[in-house]
Structures are given as structure tokens and as C-alpha cells.
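Protein sequences, first through last, are from chains A and B. Residue 211 in the working numbering sits at position 211 of the first sequence; the count goes up by one each step and never skips. Residue 211 in the working numbering sits at position 211 of the second sequence; the count goes up by one each step and never skips.
Take the hints with a grain of salt, since some may be wrong.
[As the list claims (entries may be wrong)] Below, simulated DMTMM-like cross-link-like pairs (lysine to aspartate or glutamate); rule was C-alpha separation at most 25 Å, straight line:
hint	chain 1	residue 1	chain 2	residue 2
1	B	Lys462	B	Asp564
2	A	Lys286	B	Asp564
3	B	Lys462	B	Glu524
4	A	Lys54	A	Asp258
5	B	Lys27	B	Glu106
6	A	Lys30	A	Glu211
7	B	Lys462	B	Glu369
8	A	Lys54	B	Asp564
9	B	Lys462	A	Asp60
Because the hints were derived from the structure by calculation, they are not lab data. The structure presented is a predicted model; accordingly, all values stated were derived computationally and were not measured.
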Amino acid sequence: MIVDLAFQLLQMTLVIAVAPLLTGLVRATKARLMRRRGPPLIQPYRDLIRLARKEAVVADGASWLFRFVPYLVFAATWVAAALVPTFATGLLFSWSADLIAIIALLGAARFFLALAGLDVGTSFGGLGSSREALFGALAEPAMIVIVFTLALVAGSTQLSTVAAYMVSSNVGLRVSLGMALVALIVVALAENGRIPVDNPATHLELTMVHEAMILEYSGRHLAVIELAAMLKLVLYVSLIVCVFVPWGLAIADASVADRLLGALLYLVKLALAGVALGVFESSIAKMRVFRVPDFVGAALMLGFLGALLLFVSRTLK
Amino acid sequence: MSAEALFLSGDAALLGLAVAGGVAARKPFAGTLVYGGALAICAAMLVLALVELLGRTNGETLVLPLGLPWIGARFRVDALSAFFLVVINLGGAAASLYGLGAARHEHSPGRVLPFFPAFLAGMNLVLVASDAYTFLLSWEFMSIASWALVMAHHREGDNARAGYVYLVMASFGTFMLLLSFALLASPAGGYAFDAMRAAPPAPAVAGLAFILALIGAGSKAGIVPLHVWLPLAHPAAPSHVSALMSGVMTKVAVYGFVRIVFDLAGPQGWWWSVPVLMVGAGTALLGVLYALMQHDLKRLLAYHTVENIGIIFIGFGLALAFKWFGMPSAAALAMTAALLHTFNHSLFKSLLFFGAGAVLSATGERDMEHLGGLIHNMPRTAFAFLVGCAAISALPPFNGFVSEWLTFQAILLSPELSSWVLKILAPAVGALLALSAALAAACFAKAFGITFLGRARTDSAKHAHETNRFALAAMFVPAALCLAAGVVPGLFIDALSPAVSDAVSGRMPAQAGIAWLSIAPIAESRSSYNGLLVFLFIAISASLAASVIHRFASNALRRAPAWDCGFPDSSPATQYTAESFAQPIRRVFGGLAFVTREHIDMPEPGETRPARFELTLGDRIWDLIYAPLANSVERAAVELNRLQFLTIRQYLSVVFAALITLLVMLASWP
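So that you can see chain A by itself, here it is in the shape it has in the complex (with noise of 0.2 Å):
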């Protein structure tokens, strides 16, 4: 019990360590794929020191909702990311909230940020969190029906359970898995604002999104924020690790070395996402607004047909 919850508080803080340090990750394989030097990997923690070091920064016309917010989006953020398995599965908590639920909270999340866009009444926020409710509204239901394949391959809504499966010998190659992987890296793509859906590192440019919300927040708010959207990075990279290469990952009643390991090869998975996400970034260009639904509605239409597969197969075997 006491080993468990030791475990379950490493794994809810090794989350928070590591985000902004895939952030940095990130960053430097563009710099290095320009040819720049770019900004040393831990620039990300300096930059949010500096910020919640700074005095906040509130429009006049802000409300309660506004200061209150940052907080809320991050809690949510962080709760869903520490039910996802990252080392180990079984944690101690993973059973309180299933799949469905995390995506429900970043869902939440979501919905209180694009409240936070419109709450100082500018033209920017308001652009930002109708955009970011349109590609929310077709990123959620795309992750429903990838959930609805993994529920039916593994038995289970519980991520933990999911990954303890798959780990298991008895998953085999299957064309529904496939079609899931290739929709949960495009739904992972649009829910964290990346190229070529929306572009992190904008400013003042009229196709922003995810900045644009945010626009008015400065200092510790800002922080906070900054920090939910590098947990976010973590937690779709997390899961996609976990459910589709989840070699290492420890199960239930592994041992303190397993888990160790667990967490040692964690972290190099988590690195070669990264890089990954970083090379995938610099070697296609940003889309048009108008066109993000129409590479949405391929992951929803792509995990539909996973799913389907699943449900009408499930007589032949």
C-alpha cells in the first residue's frame, strides 16, 4: 500500500519534472534541423521560473474566472495525466477514472480555457476559443472511437488494464490497432496545438489558436498555463507509449528494480518521441484553418472504421 502510493506520487511528479523538459527536447531538434544552436534543453524550466516569478499582468475587464482558470486547467491536465501509466501499471489511483474519464477532464480543460478566452472580451481571445471549441469538438468524438477499439481489444475501459494487455504476449498484429495508432498521433497532433495544426511558437499571427486564447495571461497565470499545455505533450505521448510500445512497462505486482527499469526506459521512449515529434514538425508546413477539419475528421473517420472492424468481427473468432 505504502509502496503503491510512493509509486503513484513518483509517477504524478516524475509527469510534472519531465514536461518541460520534452518541451525543450522539442524545441532543439527544430533549432538543430535549422541549423540553429537554439536554446539549451532546460530553457523551458528558466522560462517558467521567470514567469511566475513576474508580477500578473490582469486586464481590467477581467473577472474572477480569469485568475481562477490557470489553476483549474492545470489540475485537470495534471490528474489526467497521472492516471495514465507511464512505468507501471496498477498504480494506486488508476483505477478511479477510466479512459473515457481522462478524456473527459482534458475535455474540461478545454472548456475552461475557451471560457478564459472570452472572459476579457478581446477580438483575439474570442478567435482562439472558437477555434480551439471547433477542433476540440472533432478531436474528442475521434478519441471516443479509438477508445472504443482499445475497449475492445483489452476488455477494458481501464488504461491500466489496456496496457497490462497489450504488454501481454496475446495482442498479435491487428489491422484495427493500426488504424488507431495513425488517428491517436493525429488527435495528439491537434489537441497540442503542433504542426501542422496549429504552430507553438506564433505570435501576433492571425492563424494562432491555442496562443490566441491565452493571449491575456502573463506572469505566474501564463506559468501555469505553459506548464498544463507541456503535461498535456506528456500525457499523449505517455499514452500513446503505453498502449501502443509498451515493452518495459511494469505491471501490477512488478518488482522496485522492474519499475525502476520501467522508469529508466520510460524516460528514452519519452526522448525519442520527442525527437520524433521534433523532425515530424520541421518537415511539413502549418495547414489552413479550414483544412484542420477535414485532417481531424480523417482520424475520426480512421478510428470509426478500427472500431467497426472490432464490432463486427467479434462473432468470427
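Starting from the known structure of chain A, arrange chain B on it as the hints suggest.
Showing chain B alone in chain A's frame:
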């Protein structure tokens, strides 16, 4: 005294209140009398219904010598009606509470006060009726009373038209229910529900009765394409009545559907679930798309009721399929999801309509494009409304999420069904449900964001003031229940399990024994959710983050003009509007449901007139079904009009011809 007799005396008291309200409408104490009385009676009946639901599961039939002479009027309260009595009287009590505060502002109390308790009595009577005659009579009484309330402000705007459309659709729905009951009644005329249960009709007849019940009850509940009256009629009534109609009366329709389809007719064919699932999924998606396009706050809420009815019907469709294929626990899961959503929707929809009513009375505006920034002047209303928005958008840890989660869990059981059609239909329904849930979140981000956040768009919004204590109480009670049902859903699931087992003769595993108040619909290894822990985790990590930041980092805060990328604008007209917020979604999904026409009038360079953008949104369903129907009725009426201008000789020959025709028909009757 039996429970049935107690409920009937409650209804009689409500009717007495209606008469008193009619007599004393002009007196200053009339509002307090009617709403206070209705509140007391509803509260008493709520307690009684809870006792019935949790305690005794089977009522005994009470026969009163009213109505048709050879059957009398039969009344019975079983667990299913007890559950719906809880829903109706909870909503009724909240609406009465709101009414206590709103009565002073009512400019024509004589048009509201008599009908409000009568409407409540009608809904209660439908639920305790136990024969077709009493059921239909109470149903019509409920419709007429609510129609009178819709027409309360009949000189304003389009209200008279709304009332007319409502009356036509309500009569149509009752007619369908009448036919359905006629098919279910044995040829000997067994109009009592017991007799119908004892002698179930042949599958073909039962199937027809089922379709008629789907149309009849569905038109009252607001399924697409029979929903057209709903977004017209619900917003037209005074706000607490809108809450009753949207949050509560649609539940009576849902009850009618469950009673006829699950209890009296019973699924007699696997195909029964197919139309219900298709109608449910279509209703959910189209309902939320229509809602997203509205900028009238009350109409948005009314359209959104359509979506929620769709979600409830998806649950019913799944329950029908599972019941037919002999999977009682899965059927119980789907039914629990549907009934829990019924309960949840009555909570948050009432709450949201009260909020819209508070905004309306504070600003005189229903149009969101004229509102904005109300969170500053109406902080309590804004908070309660935000809770309602989060709950209806199915965000954890509120209650809307729990019922949608249960629906998803039920969908994940559908591969076990041995029917190809259902196997293909179920994931499609699941995807549409997920899509409409996500769109609902966008819809309520818009509803709250444009109305309560940003800067005030008009003076009336700027000078709004917080609403009265009664309205606040009426909002905060459902808000607290929304959180409670989301945090400890197991208690609510267990409470409604007698009603579920009445409908599908299966039960979900008891949730009370599961550790930490989790819920696990099938088994914990398969799926579980713990609203309490999620709520606590969010609360703890948010306060942890806040306290760490405030302890170790800067605490300073400065107010300054908005940054807005360095181009701050002084006019609140430059904010995003309700229409512009929904524009991307309209562009992507618009073709599905609307006929949109955008007209841009851009002046030539040098001209001084302003550029204009006009958008017209047409409802495809109205254009395709209702407009041709209305036109042909009108044409026929014009043709028939000639009959009014005949000579005596012509009239005589018409009468003679009719007589001959009838005699021939009678002679050739088998």
C-alpha cells in the same frame, strides 16, 4: 391511506390551488399563495415519491368511479412511476421556488397563476394513471395547461404562432398515442394497463403500436423531426414555466414511451431498437447543431433539450436490444444510463432556464448578442449557470458525465449482440454521441462565454443587477444536486434500480458496496469511475498549485488595459459574438442541417456606407417536411371553403350523396 390516494389528494390540492389562483389572480397575495402552495405540495409529493421508490416496489391499483363507466379510473404507483414522480416534483418544487420571486414582475398574473398548478397536476396525473383512458385524459390536460402557459404573453413576438404550432403538434402526438393504446387494448376493450400486460398483442400489432408510441411520445419529448414546436413553445412561456416544460414535461413524454414500449408492449422483435437508436443519434446531433446556431439564450436551451432527449433515447434503444437478446444486466446498464440522464437533465436544464430567466428579468434581453459581462453584476447567477453549463457539457466531476459514461459503457457491450445491423449501428451511434457531447461543450462555452463573460454589449447588460433570493435558491439547489450526483453517482444508481428492474427486469450490480464510492457497471477490472476521487484530486492539485505559486513565486497583481496584441479597441462591438463564435462549426457541419445563405454587401472604395453581412439560416427539416404539409393543408382548406357558398339545392344533394355513400359503406362492411 395508500400511496395512490395520497398522490391523488396532492393532485386535487394542486387543482384546488389552480382554481384559487384563477379567482384571486389580481390580488397581491395570489402569487405567494399559488407558488407557496405548489412548493409545499410538490415537496410533500417528492418525499412521498422517494419513499415509494426506495421502499415498496409494487403499488396496488386504486379504482375510482370516474371516467368511462365500465372501467372506472385506475391509478397505480410502481417504482417506474415513483422515479418519474421524483423527477417531476423536484423540478416542480424548484420552479415554484423561482415563481415566488418572479410573481411580482408578472404583468398578467391571471394568465399564469391558474395554469401553473394545473400543469403540475396534469403531469402528476399522467404518472399515476393506470389505464389508457385516464392516461390520455391527463396527458391532454397537461398539454392544454402548458399551452395556456405558452400563450400567457401571447402578444409578444412570435408567441401566438408558437402556441398554434404547439397545439397542432400536441394534438397529433396524442392522436398517435390514442391509436397506439387502441392497438394494445385487447379486442374486448381492456383499457386497463393490467389487462394489456395480461394479454399482449401479436408481434405485428405490437410493432405498430410501438412505432405509434415512438411518434406520439417522441413528438412530446422533441425527437427530430417532430421537434419543431419545442424550440418555439418552450422559450415563449415565462422562464420558470420554460424550465418546467423543458426540464420536466419532456420527462413525462419519456415516461410515456417507457411505459408503453417496455412495460405494456415489451420488445417483440430485435428491430425495435433500430428506429430508436437511429432517431436517438440523429436527434442528439441535430439538436446540438441547431442549439449552436441560436443566439436567443432561451431558444438555445430549448434546442439543447432536443439533444438530451436524443441521448436518453440512445439509452432506450440499447436497452431494447439487450432486453430482446436476453442480456438483462446489459439492458439494466443501458436503462440506468437513460434514466439517470433523464434525472440529470431535469436538474441542469431547470437550472439553466432559471439562469436565463434571471438574465431576462435583469436586462430584459434574451438575445445573447445584446448581453455580455454579466459575471460582474450577477456573480451568483453566473456561478450557478456555470455549474449547469459544466454539468450539461458532460464535464467531470458533474452528473452529466456519469450518465454519458454509462451510455458509452453500454455501447461497448453491444458487440455481444447477435445481429449484424445492430453491430454496425452501435459504434456509429457511439461516434455520433461522442460528437454531440463535444459539440455540447462548444455550445455551452458559447452560451456562458457570450452571455456572462467579455464586456457588456448594451447598456441594459451593463446596468444589470443580481436576481432575487428565491431565484438564486431555485438555481443553487439543482446545482448542488448536479455536483452530488456527479460525485457519488453510486447512490443515485442504486436508488433508481427498482425503476430499472420494472422496465427491463434486470438490475445493475449494487454500487453501494464498492470501495471508495466508485461505480463499476459490470466489473471493476472492466471499467470503473470514482467521481469523489476525481473531484478531490482536482481540488487538491488546484489548491496545491495555487499555494505553491503564491508561497514561492510572485504574489503581485496589476490591473491594466487589455493587451490584445497591442491593438486594444474601445468598442465592445469588436468582441466575438455568439454568431462569430459558432461560425467555424457552422462552416464545417452546416450543410448537414441548415440551408445557409451568406450575403456580403461590400461598398465600392470611396463610398461611405457601411459594409453589410447578412446570414440567413433555414431549417432543412422545416423546409422538407412541414412547409409542404402546411401548404397542402392550406390548399385543401381553400378548396373546401367553396362548400360554404352553395345554394340550398346543392347542399341538399351533398347531404343526399353523403347519406348514400355511408349506406353503401355500411352494406358492404364485412
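Within a Cα-Cα threshold of 25 Å, do Lys54 of chain A and Asp564 of chain B meet the stated pairing?
holds (20 Å)
Within 25 Å, alpha carbon to alpha carbon, are Lys27 of chain B and Glu106 of chain B?
At roughly 13 Å apart (the allowed maximum being 25 Å), Glu106 of chain B and Lys27 of chain B satisfy the hint.
Just to be careful, I want the Cα atoms of Lys462 of chain B and Asp564 of chain B compared with a cutoff of 25 Å; is the pair within it?
holds (22 Å)
Taking only the CA atoms, is the gap from Lys30 of chain A to Glu211 of chain A under or equal to 25 Å?
This hinted pair holds, its Cα atoms lying about 19 Å apart.
Could you grab the alpha-carbon distance between Lys286 of chain A and Asp564 of chain B and see if it respects the 25 Å cut-off?
The hint holds at about 24 Å.
25 Å Cα cutoff - pair Lys462 of chain B, Asp60 of chain A:
Satisfied, since the Cα-Cα distance of roughly 15 Å is no more than 25 Å.
Holds or violated: Lys462 of chain B and Glu524 of chain B, Cα atoms, limit 25 Å.
violated (52 Å)
Given the hint that Lys54 of chain A pairs with Asp258 of chain A, test it: the Cα-Cα distance must not exceed 25 Å.
Cα-Cα ~42 Å, so violated.
Would you check the hint for Lys462 of chain B and Glu369 of chain B, treating anything up to 25 Å between C-alpha atoms as holding?
Holds, because 13 Å separates the two Cα atoms, which is no more than 25 Å.
The earlier numbered hints that this structure contradicts are 3, 4.
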